[in-house]
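Visitor: Mapping of the sequence shown onto numbering that gives the first Met the number 0: position 35 corresponds to residue 34, and the numbering continues sequentially without gaps.
No lab work stands behind these hints: they were computed from the structure. Among the hints, a few may not be true.
[Claimed, not checked] Derived DEER-like restraints, expressed as beta-carbon distance ranges:
(1) Ala42 x Leu12: 16 to 26 Å
(2) Gly45 x Ala19: 32 to 42 Å
(3) Ser10 x Phe46: 41 to 51 Å
(4) Leu67 x Ala34: 14 to 24 Å
(5) Ser10 x Ser64: 26 to 36 Å
(6) Leu12 x Val35: 12 to 22 Å
For glycine and all other residues, C-beta sits at the position ideal for the given N, C-alpha and C.
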Amino acid sequence: MIVPAQEKSSSRLKLVTASACLAQIMVVLDTTIIAVAMPSAQADLGFDDSARQWMVTAYTLVFGSLLLLGAGSPSGWAFAPPSSSA
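Kindly produce the complete structure, drawing on both the sequences and the hints.
Guide: Below, the structure is given as structure tokens:
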């Protein structure tokens, strides 16, 4: 028998897992889009293949870091202890 507290915990775990999966899909999708668009940007801007690889790597690291930062901020706000007015 599932008690309400365990049910709430289970649904929260499912939500966190789904959010993590969605974030990973976004990173892979965004990296794919950048990899497809980068050759035309390379031709327009005139840089070589090694610079293109560095651009893709830097973009992926920045995007993933901002995604982690954005995911961590709301959880820090949501679990803040209530202020006491004593």
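Visitor: Next step is simple, just say for each hint if it's right about the structure.
Guide: Hints versus structure:
no., hint, verdict
1, Ala42 x Leu12: 16 to 26 Å, "violated (47 Å)"
2, Gly45 x Ala19: 32 to 42 Å, "holds (39 Å)"
3, Ser10 x Phe46: 41 to 51 Å, "holds (48 Å)"
4, Leu67 x Ala34: 14 to 24 Å, "holds (21 Å)"
5, Ser10 x Ser64: 26 to 36 Å, "holds (29 Å)"
6, Leu12 x Val35: 12 to 22 Å, "violated (35 Å)"
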